[in-house]
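> Heads up: the protein sequence lines correspond to chains A and B, in order.
286 is the number that numbering that gives the first Met the number 0 gives to position 287 of the first sequence; each next residue is one higher, with no gaps.
264 is the number that numbering that gives the first Met the number 0 gives to position 265 of the second sequence; each next residue is one higher, with no gaps.
You may find that some hints are simply not true.
Given that identical chains are not distinguished, each listed pair holds provided it fits within a single copy or across any two copies.
Derived lysine to any residue pairs resembling SDA-like cross-links, with alpha carbons at most 20 Å apart [to be verified]:
hint, residue 1, residue 2
1, 129, 281
2, 156, 204
3, 320, 121
4, 174, 256
Bear in mind the hints are in silico, worked out from the structure with no lab data behind them.
Protein chains: 2
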Amino acid sequence: MVKVAVNGFGTIGKRVAEAVMKQDDMTLVGVTKTRPDYLALLASKLGLLYVPQDRLEKFQKAGIEVQGTLEELLEKVDVVVDATPGGVGKEYKPLYEKHGVKAIFQGGEKHEVAGFSFSTLCNYDEAKDKQFVRVVSCNTTGLLRLICTLRQNFKVKSVRATIVRRGADPHETKKGPIDAIVPNPVTLPSHHGIDVKTVVPDLDIQTTAVVVPTTLAHTHVLNIRFEEPVKREDVLEALRQAPRILVIPTELSGVKDSAKVIELARDVGRKRHDMYELVVYEESVAVEGNEMFLMQVVHQESIVTPENVDAIRAMFGLASKEESIRKTDTSLGIVRTFEELLEAGVKAFGK
Amino acid sequence: MVKVAVNGFGTIGKRVAEAVMKQDDMTLVGVTKTRPDYLALLASKLGLLYVPQDRLEKFQKAGIEVQGTLEELLEKVDVVVDATPGGVGKEYKPLYEKHGVKAIFQGGEKHEVAGFSFSTLCNYDEAKDKQFVRVVSCNTTGLLRLICTLRQNFKVKSVRATIVRRGADPHETKKGPIDAIVPNPVTLPSHHGIDVKTVVPDLDIQTTAVVVPTTLAHTHVLNIRFEEPVKREDVLEALRQAPRILVIPTELSGVKDSAKVIELARDVGRKRHDMYELVVYEESVAVEGNEMFLMQVVHQESIVTPENVDAIRAMFGLASKEESIRKTDTSLGIVRTFEELLEAGVKAFGK
């Protein structure tokens with residue numbers, strides 16, 4: 000049993016912590032918070048709460064019981080999932096090194112912080128024995144799931160993508176925009192394509208991005224060229240067979256926008272309306288000759304959860320890629336088809 | 000066992016249907032949909048789907064199996080919960096009468112459609128033996144829970160409230176506003192106060208309303224006058240003791256806005272992030288002499304769910320008010336204190 004700490008119990012941390020608890024080959028030892036709030040209360044009641052030394056007094060004042068300090072936690076574990084805010088993970092790296100623990104950083108850190116960027120479907124095996132791994136960001140994870148699936152089945156020549164990003168997560172009341180479409184950045188390209196290349200260096204990819212006033216999910220508009228003509232049905236079949244990609248029949252389901260993707264997640268009983276799968280609108284897949292267009296939805300809060308769990312297995316050589324995907328996806332209820340998702344909804348209904 | 004149909008399987012219908020399935024003194028026989036979509040697929044897989052006669056062909060074309068027609072469903076049940084769009088319930092009333100079933104309408108219908116408006120904490124006993132009952136709307140339900148709790152404990156002289164309404168539900172992509180604050184209506188007062196009086200006719204209440212560009216919840220800003228001075232602690236204690244009112248310690252929890260109320264619901268594992276409880280911000284309760292201010296949050300999609308279940312029990316005399324509240328709230332996981340909600344979150348964590 001690999002012993003796991005999660006440093007940071009926010010949007011990513013709380014999800015990864017729960018996911019780790021559901022695995023049979025790893026155990027969650029503790030999580031950390033820097034500020035008292037209801038999540039700290041929850042972690043405290045779970046007997047999982049650790050805080051940085053200099054925050055002990057703050058938590059004591061708030062009357063929230065802690066199990067110990069972050070440093071004490073690091074002494075008890077084999078690996079820490081760093082889910083601190085973007086750019087902060089780097090600051091913690093020396094501490095992880097000091098305690099001799101492996102660490103998994105998130106996509107908010109630069110590639111160089113870990114020196115190895117990870118995406119299950121692309122480079123699972125290469126993570127073996129690494130001390131530091133970085134799970135790429137939500138948008139990059141979404142792009143890579145699609146790209147590595149396509150590359151496994153077809154000769155991909157180039158990828159051009161426009162990333163339409165949500166402005167903030169639902170609970171982030173202080174972030175915007177609330178009435179603008181923001182080029183992100185205005186000097187092309189966006190970092191997403193560059194980030195994809197940390198995992199698939201030989202790919203011809205360029206991305207552009209805008210931020211819009213929504214909270215529920217990102218949407219990618221893709222233009223992909225292949226070396227030779229492909230058939231729409233073959234592409235759809237490859238996507239349907241792939242793990243963690245969910246092709247949704249737009250017309251039949253009525254799931255025609257990102258809000259309805261999330262409503263579907265709510266209705267089938269996903270905790271926190273999490274949609275771990277990359278969602279592809281079936282009717283958006285258009286092929287002519289060797290060129291394809293496609294639109295896909297990325298649930299920014301949850302899509303990297305399974306990849307974090309896989310990264311732990313990959314680093315410790317606990318399981319093959321296929322076995323890790325099977326374990327992670329079964330435990331989280333991740334599906335491969337719309338039919339399976341509905342079946343899950345049937346089972347959860349009224350329970 | 001009272002046999003229940005739910006006519007309309009949308010925002011309210013799907014929630015009431017699930018809630019009915021969780022009760023031990025009533026049974027869900029079927030639900031209806033007028034249009035094929037993933038909810039229709041879900042209902043079909045559950046063996047619960049009925050459709051109006053003139054829609055049979057549409058569903059056949061979409062390849063969605065149905066159990067029968069709405070009229071056939073009405074022959075099988077004792078009561079129908081009408082969860083059709085606002086104003087449409089009235090059109091169905093003659094059909095319900097024809098089949099001799101009791102019917103529960105929603106707040107989107109006028110009071111006169113049922114002739115009796117219902118809110119559990121205010122007038123449960125009066126619903127006994129009624130053929131038609133109307134469960135008041137989400138905002139009116141929120142106001143009435145507070146008002147009837149206060150009236151039970153104090154002498155309420157007058158209620159003045161500003162209702163800040165969400166513009167649309169999260170999945171309602173075609174509704175607005177998305178960049179305006181809309182007086183609702185501009186000719187005062189709003190209908191909410193008038194609607195409250197269908198349940199508590201002798202109350203001095205005036206309400207005003209604006210609609211804002213959010214989707215997650217409504218917020219009420221209340222100004223209440225009492226006949227004599229009250230103590231803040233006594234009011235808070237009365238609210239804490241009351242069913243379906245949840246006083247949240249704003250500062251300790253970090254739950255300082257409607258988005259964070261919903262994030263809390265997500266984190267404690269509420270399906271669809273439903274918050275059945277009326278949420279009162281503890282720190283917003285301000286008392287001076289006989290005057291009080293208070294802010295409260297109403298989750299528009301789910302708050303009327305428990306009242307619909309109670310209405311069924313009340314109409315058939317299945318249980319006393321206290322017993323119905325106990326059954327409904329236990330089955331739906333409705334809590335009375337923030338502490339209880341956290342405990343529920345602890346139990347659900349990682350499960």
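> Give a verdict on every hint.
Here is how each hint holds up against the structure:
1. In this assembly of identical chains, the alpha carbons of residue 129 and residue 281 never lie at most 20 Å apart, being 38 Å within a copy and 49 Å across copies at closest.
2. In this assembly of identical chains, the alpha carbons of residue 156 and residue 204 lie at most 20 Å apart only when taken from the same copy (9 Å versus 68 Å across copies).
3. Taking identical chains as interchangeable, the C-alpha atoms of residue 320 and residue 121 lie at most 20 Å apart only when both belong to the same chain, with a minimum of 10 Å there against 59 Å between chains.
4. Proximity of residue 174 to residue 256 under the C-alpha cut-off of 20 Å is restricted to the inter-copy arrangement: shortest distance 14 Å between copies versus 22 Å within a copy.
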